[in-house]
Amino acid sequence: MIGVGNPLRHDDAVGLEVARRAQALVEDAASSGRMAHAREARIAICEQEGEPLALLEAWEGADAVVLVDAMHRPHTARRTGPAIPDAEEATHGAAPAGTIQRLDASTRPLPADLSSSSSTHALGLAGALELGRALGRLPARVILYGVVGARFDAGVGLSPAVQEVVGQLAARALREANELSRPRSPTPPRRASTARSPPR
Amino acid sequence: MSERTRVLRTDYLARVEGEGAMYVRLDGRKVVDVKLRIYEPPRFFEALLRGRAFTEAPDITARICGICPVAYQMSAVRAMEDACGVQIDDGPLRDLRRLIYCGEWIESHSLHVYMLHAPDFLGYAGAVEMAREHRAIVEEGLLMKRAGNALMALVGGREVHPINVRVGGFYRVPRRRELHTLVEQLEAARDTALATVRWASELPFPEVDCTTELVALTDPGGEYPIDRGTIRSDRGLDIVPAQFDEHIVEDHVEHSNALHARIRERGTYLTGPLARYALSASALGALARGAARDAGLGEVCTNPFQSIVVRGVELVQACDEALSIIGRYEEPDAPAIEVVPRSAVGHGATEAPRGLLYHRYELAEDGAILDARIVPPTSQNQLAIEENLRAVVEDGVDLSDQQLTLRCEQAIRNHDPCISCATHFLTLTVDRG
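If you're matching them up, the sequences are chains A and B in order. Mapping to the numbering used here: the first sequence position 40 is 40, numbers consecutive. Numbers in the numbering used here are just positions in the second sequence, counted from 1, shifted up by 1000.
Everything labelled a hint here was simulated from the structure, so no lab data went into it. What you were told as hints is all true, and nothing was included just to trick you.
Just a sample of chain B residues kept apart from chain A, beta carbon distances all over 12 Å, derived:
id	residue
1	V1031
2	R1050
3	H1180
4	R1198
5	V1208
6	I1248
7	E1299
8	L1323
9	I1337
10	A1391
11	S1400
If you only want the chain A side, here are some residues facing chain B, beta carbon under 7 Å, derived:
id	residue
12	L53
13	E130
14	L131
15	A134
16	L135
Counterexamples of contact, computed for chain B against chain A with all Cβ distances above 10 Å:
id	residue
17	K1030
18	C1084
19	D1095
20	Q1185
21	G1267
22	A1286
23	A1295
24	P1332
25	P1335
26	A1368
27	D1398
28	L1404
Keep in mind that this is a model prediction, so the values were computed, not measured. For every residue, glycine included, the Cβ atom is placed at its ideal position computed from N, Cα and C.
So that you can see chain B by itself, here it is in the shape it has in the complex:
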């Protein structure tokens, strides 16, 4: 190693889901290598699904992640219903789906904002150290998460890995009066979320501009994208989920156990809160839109460090929308509609808290799964995260190794990566030389 060569590495990234590492190499002031290395072992979920009944996919895929199981369930049921020619696009069943999804956004975003991301800005190693001096922030996080947990438990049957979602709807739908027991808690959570946006907007943010293409769903009914929509980008991508494979390719790279996704024509792209906000800020409710405006976010936010503010705005939105759904809820006649399998291919895409989650299934006539493909947000974001890392290193080349390593770790955490999700894929390459 020459005297001018600097290597920054973190072998075990803290405050992310799952196991990953970071490696950065500089030659003088030039960044020569940047890697987000995902070494958590592959989990082969797609192979596991083959031969199983189409009705099993929501519960099996929910086990991919303890933080965003609803996202897996919702992309799975959407894909299965697409394959079987069924649409649940309005009425109380869709409302309940959005409601449980709001619960997951609240759970996941509050974990990230208060416990994982905030310590980066306030200068602590983690939530525990931060709690000693900023007890109120952590208490707010716990209050928010409790509200999300309550919503998940009531609609999904459990706080983690809910068991009540099925193809066609739910096994049991909540009674109106049951949902109303959550109102007070959600109103308090909404107030807390509003305060969080104000607090987060005043944090010190490094000046970083993410020039990556931003990709998210946009809802055909003009709602903030959660459970359906077309896949759009700020550079003209506009496709339905069935066209995903035509436009997005995934490659295996040696340093990662998660596939790297890219847009076939243009390369790197980013999904998640920044992309959703950039493409659908106008679809936010008045309260969330006002919070974003007061926080000075503008129409588009391209600084990944400020994603904490955008997550705060989405927390306001999720609490607000959950309250609206509860307010108008009428129990449906049946908890699910019948879905008859057929030989077909189905696609489903929804917005997990950390970004776009795509499922594709090929079914046999009896509903057995012949082939499954799942593209989670973190594998889509890997290249963008590495690009961000490169920009952060170039910008911070005069910092000490310790400071720059910390800045790099923050650049990764900005995207709330879920490494456990990203390593579920099955691509076994045998290289025999």
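Here chain A stands alone, though its shape is the one from the complex:
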């Protein structure tokens, strides 16, 4: 499980915060002996700033990867279409900050409107995924949770609406990572749909 983000760009840090929260959940479970199937022990959780080579190395050798990253608010109403069957259209117009979108990038690229990166680096997360795919260096299952952010300017701290979803997303991403880490699972991984942050 990889949280991706820039800690100095407000909501861009949400992936990092989710990874930290997930790590804390795993440690709590371990200390209270609740790791019934010891599956958590099979999950490596890390934080990345989105440098493509570092990402390729971070998921190297993994059967599956669950990525969590911030995303910009979609500019216009559109459906993502059949290319990404898991993705439900967020909203018409602007998705509110804190909206969570789940995408399965195991066999297909991210939709074009999510592929542009706010990073000044030449390849973003989408580029790293496609580079990994082209080189045969992508885990068999690649799930991305995107969280719509409200602000990406310089500074520290998440907006309230984004902060609010950190806990539930950490638990959800961890649950999915758990399911994906079952060796040769007889059932396909659960397909979640778009979740919204609870009304404030």
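Guided by the hints, dock chain B onto chain A, whose structure is given.
Chain B only, in chain A's frame:
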């Protein structure tokens, strides 16, 4: 617009660092306007530095760029040490500085050669598309970059934005045995770099001759220029960094958020690999010199499209030099020497992967920064890039718009511009009519 007028534009340049655009206008066969437009917002780093302690400059300026943070750190520490009357010109501390700088050259050049520049020659939109059919090239690039990352992480504490560099030296110096863990990886990288030079030399290059004045540091000890030296050109410029302002001026132009630098007496100039190679090819190690000779580079290379070969040669040099430094490394007695601030002005110039990077600081007696000036390579190269563009358009006037636009974008990428670096300046002009 008349029927004879052609406009070529790319609103968002791909495979460069940061945000820039290109605009070219032709009237018939005549090129009437060429602009490299840098629209990434200014970042005001120089203003940010005012009032901060002299010891903070390396870490603050490193944040200007995620690709060449070491260049910023090294120009900053050189300038601060110059202001404070301290010199670190030999011994293990200087070796370690060159070593981490080699790591940055390896990281940056391998990113450019394999991921950003190679697709131009092989006819792909980008590295991802190229990777599908030329997996080996991309894998080689990743291997090289990994070696650079390992070097940066070990000496600098992190792969990007290293945190171990300070005025006077380092916070912690690596143990000898730690450095030796990198030898195997660097040897493999050096072999890969040699193969890269051979491969790159056989790419199809358009015939373009860059007649711009070439400016680079030359090292007083006869080494290939990286971390120090006098600023020289192939047309007689020969100055120490403290004379930079006397000879180089910067102007603001409307279409760019980066200042345009020029030599006061003569105008446009170019810094970067072509300039370094033209002025210091004889200072390359035997291995890199041999690779350049076998690639048919000659003493001087003035075709910017062939900069991919020169970067390859510099990759060989950087790997080779890193191995030599590791081979002779003895841990210094202390990780840094003491630097006591004083009221003074200091200058520092080093060779970032994409060219000369100049820093100047004025310090108060307690070491607070009163004034800062940073002149990154891309703002120095802007005029030369535009001149190159003009030549490429004149030469390719019979190409279709699509072909010529692509050729123009390549002409920009030849210089590996770092637009994010170039827009850090602070010159606020209020025009009230």
